[in-house]
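J.: Sequence lines, in order, name chains A and B. So that you can map any letter, position 456 of the first sequence is 566 in the working numbering, and since no number is skipped, the others follow by simple counting. So that you can map any letter, position 281 of the second sequence is 391 in the working numbering, and since no number is skipped, the others follow by simple counting.
If you are wondering where the hints come from, they were derived from the structure by calculation, not from laboratory data. Just so you know, not all the hints are guaranteed correct.
Copies of the same chain are indistinguishable here, so a pair counts whether it falls within one copy or spans any two.
Said to hold, decoys possible - Computed cross-link-like contacts, SDA-like style, restricted to lysine to any residue with a CA-CA straight-line distance of at most 20 Å:
(1) Lys631 / Gln174
(2) Lys439 / Arg208
(3) Lys631 / Gly562
(4) Lys311 / Ala121
(5) Lys439 / Ile206
(6) Lys631 / Asn234
(7) Lys311 / Glu393
Protein chains: 2
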Amino acid sequence: MTITGDMLIGAQSVRGTESLLQAINPATGETLGPDFGGGGNAEVNRACELAEAAFDTYRATTPQQRAAFLESIASGIEALGDTLIQRAHLESALPIARLQGERGRTANQLRLFASILRDGRWQNATFDSALPERNPPRPDLRMQRIAVGPVVVFGASNFPLAFSVAGGDTASALAAGCPVIVKAHSAHLGTSELVGRVIRKAVADAGLPEGVFSLLVGAGNVVGTALVSHPAVQAVGFTGSRAGGLALLHAANSRPQPIPVYAEMSSINPVFLLPSALAARGEDIGRQLVDSLVMGVGQFCTNPGLVIAIDGSALDGFRQAAVKALADKPAAAMLTPGIHRAYEQGVAQLCALDGIHAIGAGAAGDGPNRARPALFETTAERFLADERMQAEVFGPASTLVVCRDAAEMLALARQLEGQLTATLQADDADHAIAADLLTVLERKVGRVLYNGYPTGVEVSYAMVHGGPFPATSDTRTTSVGASAIDRFLRPVCYQNLPDALLPLALRDGNPLGVWQLRDGKVA
Amino acid sequence: MTITGDMLIGAQSVRGTESLLQAINPATGETLGPDFGGGGNAEVNRACELAEAAFDTYRATTPQQRAAFLESIASGIEALGDTLIQRAHLESALPIARLQGERGRTANQLRLFASILRDGRWQNATFDSALPERNPPRPDLRMQRIAVGPVVVFGASNFPLAFSVAGGDTASALAAGCPVIVKAHSAHLGTSELVGRVIRKAVADAGLPEGVFSLLVGAGNVVGTALVSHPAVQAVGFTGSRAGGLALLHAANSRPQPIPVYAEMSSINPVFLLPSALAARGEDIGRQLVDSLVMGVGQFCTNPGLVIAIDGSALDGFRQAAVKALADKPAAAMLTPGIHRAYEQGVAQLCALDGIHAIGAGAAGDGPNRARPALFETTAERFLADERMQAEVFGPASTLVVCRDAAEMLALARQLEGQLTATLQADDADHAIAADLLTVLERKVGRVLYNGYPTGVEVSYAMVHGGPFPATSDTRTTSVGASAIDRFLRPVCYQNLPDALLPLALRDGNPLGVWQLRDGKVA
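Chain A on its own, in the form it takes in the complex:
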C-alpha cells in the first residue's frame, strides 16, 4: 500500500491545499516522504456532512454487522504487516517490538468491541410492562441506548496505533454506531494514512455509506476547532496535552448546542512507598520504578512522575538503587521535536524551582530529540507550597517527595490533583496507612494499583483509564476498556409503540438476542 499524502474524505482521496505537512523521523531529524496537504474548512464541512448523511444508515446496522465491520478493520491492520510497523517506527522512533505489541492491542481492542456488540449488554434494553389495571394505567415503556451521532477523534502522539486512527476512541465510537472523523496526529501522518485506508476499504467492503469514516490532516488547531464546532458533530475523543484538551472543551462549550468532550489530558501518577514495603524491598522498588519510568521514553499517560515516601534509613536504599539504575538508562529519541523541546523545558523549569534538586540522571545521548531520564527530590513541605511541582513533565522525569511521617503523606495525597492512577507499594504491615490512603486516592484517580507500576494499561472489562479533572475532562467514563462505548451512547424511551415500529433490540421475541432487563430483573 502506497502512502500518497492525501486526506480520506469518505470514499474520496483529497489533496489538502491549506498547508504543507511533512512527517519527520525524530531519531534522525530527517524528513520522511511524501508531503501531506493539510485541509481547511471546506474539507471539514465535507467530512462532517458525509458523516451526518451516513449516520442514520450506520446506526441502523445490526450489532452483528458492526461487529463484523470492526473485525475486518482488525484483520486489515494485521494484513498491512511490516509496512505499517516500519512506517510507524520511522515516524515515532518507538522500537519495533513495542509497535508490534501495540498493533496487537489495537486489533484486540477492535475485537473486544465486536464481542461486546454481540453480547448485547451495551444496549441496556429495558422493559417496564404495561399495567392497564393500575390507576392511572401504566403504559408499556421500553428503553435502549442509541448512538449519539458523528464523533471526532484526535489521534494521540504516543500511541500511533492503539490511540490513533483505529484506536480505542474510534473502535468504541464505531461500535456504538457513530460515524468517525479522525484528525490525524501530525507526528505519524503516514501511519495514519495506512490505517485510514484499511478502514475506508472495510467501509466499502461492508457496503456502508462512505461517510462512516474520514481522515483529515491539518496544521495547528484550525482543523481541530472547526471539527469540534461543526453542528453535525456530537462528541469528541482526545488524548493529549492539558492545553489542547481545554481548548477543545472551550470550543465544545461555546457551541449553540454544547457537546461532550472526552479529553484525557494530564497525570503524574503518584507512587506511594509505604514504610514496611520500603524497608523490605526498597532497592527492588527503586530498580523497578526506574524501569517503569523510562519505558517508552516516559511517554505514557500513566508514567510515574511522582514518588512519595517517608524519610528514614529505608528510603536511602530505594534512593541509591533508583539513582544507580537510572544512570545506566540511555537517552532515547522522543516522539517529536516538539515533545522533546517541551521535555527539556519542563525539566529546566523544575530545576529552577526553590527546594527541588536533581538526584539522578540517565546517560547523555547523541542524536536529535534525545531525552535524558531525570530524577528529582523535594520535601512534602516544599511540594505542598508550590503547585508548579505538580505540573506534568511528559517524558522520563520523576520527582521523589519526602514526607516527615504518614500524616504528611496523607496530607500530600489530599492536595493532589485528579490523576489517571495512583500506586501503593505496601506490605501487610502497611495496611492501616494503605487503607487511609485508599480513601483519599479513590476520589482522586481512575485506577488504584497495589505493588505494581502504573505503565501498562489492560484492555478489558474492568479497566478504567480515566479520572477526575485534570486527568480527564469527564470523570464518569474511561477511554480504555469495554466501558469506553458508554461515552457515545444516550438512552431513548419508547412508550406504547407497536412492535413493527420498535427498534429491533426492543421488539417482542428479542430478534437480536440482546441482554434484557424486564421489570427490574435481568431476563
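Using the hints provided, position chain B relative to the given structure of chain A.
T.: For chain B alone, coordinates are given in the frame of chain A:
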C-alpha cells in the same frame, strides 16, 4: 411540625440574615407566614464543608444502610400527613388530589432507589481475572462505581414534592452515596422546610454525619452560583428555565475543576397528528390533547406546546373539537406571580409574531395569577422561518402548525430543537410516515410516545426524562427513573489489591451480594 423560616445546615437550624423571603399564595396573592431568612456565602461554605466532611463516611455505608435511610425519608414524608399537603397547596395553588398523588410518587421514588440499592446492579461490579501465565501477565482487575461527591440540588417550581427537597435528584444522589445540599425553591419555602426536617431527622436516626443533608434558602442567583462554584461540590441537579440552567452550566464550566450539571430546561414536546389517525379520530384527539394541555395549568416540562398536522378536511374536525374543548377550560392560578407574568409575556410575544394567530382560548378567570389557556395556529412555512415560534411558553399554551404534506412535516421535525418528548398520533395506515418520523425524532428526544399524550412521567426502569440540548444540558442520562443514579457515579478500577483492602462490593465471596460481571459474563 412547625415551620420556622430557618435554614437547615447539617444539624443546625440557622436564621439567614442576607435577605428576607416570604411564601406567597398564588391563588390569592397573600403572603404566607413565617418569614424566611436567606443565606449567603457563610452558609454556603458551612453546608459545603459539612457535606465534604460527611462524604467519606456516607459513601462507606452499605447499600442496605442507604436503602433503609431512603425508606425512612419516604415514611417520614408520608407521616407529615395533611400538614404537608395543605402547605404545598397554599404555596403552589396545585389541587389537593394532585399533591397527594405527587406525594405518592415522591415516596415511590425513594423506595425505587432503595430497591435499586439492594439489587446491586447499579454498582457495576466487574472482575477481570489475573492471567499470570500470559506474556505480559494480566493483573487482577476489579471495577466498581463510586459516588462522585457532594451534590447540589435545586428545587423545581412545578413539583414541590417530587422534584424538590426529597425529589428525584435528591433521591438518586443520596442513593449513589453523595451528600446533598438543596437550594429551596422560593415558590414553596414552607413545604421545603417540612420535607427538609424529615430528611434531617432521618440522617440523625440513621446515625449518619450531619453533613449528609442541608437545606439552604436564598434570594436570586447568589446562593445558587456560590453553591455551584464551591470546590467541594461535584455535581448539580436542576430543573427550571433555560436561562437558569445555562447560568449554572456557565458557573460549573468556569470552575478551576469543571463539574457536570444535569439541567432539565426547556421543551415544547411536539405532537404529530398523522393523516389516518386524524381522519379516524381527529375530534377525540382534539379533546384529549386539550386535557393534556391544561393539566396542572400547563406547568409540566412535558406539556404539549406544539401540535403538527397536515392540512385537509380531517384537520378541521380536530381543530373545531380542540377549540370547543378549550373554551370550557377555566383560567387557573399558576405557581407563582413570576411564572404567570412570564406566561402572559410569552403569549403576547407569540401573538405579535407575523403569520401566527390565536384560534382558541379558555374561559377568562378572576383572581390573581390566573392563566387563560391559549391555542395558536401557524403554517409550517412560517414556523420554519421564525425560530421564536420554538421558544417554550411555560403554561397552557400550544401552537398548531399546519403542513402542506408529509414531506413538510418531516422537514419540520428535522428543524426542531432537542426535546424531552415527541408524540405520534397514528394508526396502522400511518406506519410509513411514522417510521420516517421516528428516525428523525429518536435523535431529538428522550422519549417517543405513540397514541398518548406527553404529560405523565412514569418513575420506572425504562423511563427517560431527558433529551438533547436544550431539553437538558446532558443527553446521556435521565432525571426520572432508575437510571438517574448514573449521574452521580464514576468508575474506579482496583489492580491487584489484597482482599482486605478492596471495597466490599469487590471482595472475594461477594459479601454484599451485588450483581457481578466476571470476565465479560454476568456471574
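J.: Does each hint fit the structure? Answer for all of them.
T.: Checked hints:
In this assembly of identical chains, Lys631 and Gln174 lie within 20 Å of each other by CA distance solely across copies; the values are 18 Å between and 25 Å within a copy. In this homomeric assembly, Lys439 and Arg208 come within 20 Å of each other (Cα to Cα) only inside a single copy, at 17 Å, whereas the closest approach across copies is 74 Å. For the homomeric pair Lys631 and Gly562, neither the shortest alpha-carbon distance inside one copy (38 Å) nor that between copies (26 Å) is at most 20 Å. Taking CA atoms no more than 20 Å apart as the test, Lys311 paired with Ala121 passes inside one copy only; the shortest distance there is 9 Å, against 65 Å between copies.
Proximity of Lys439 and Ile206 under a CA criterion of 20 Å is satisfied intra-copy only: 19 Å inside one chain copy versus 77 Å between copies. In this assembly of identical chains, Lys631 and Asn234 lie within 20 Å of each other by CA distance both inside one copy and across copies; the values are 12 Å within and 15 Å between. In this assembly of identical chains, the alpha carbons of Lys311 and Glu393 never lie at most 20 Å apart, being 52 Å within a copy and 55 Å across copies at closest.
The structure does not agree with the numbered hints 3, 7 stated previously, though it agrees with the rest.
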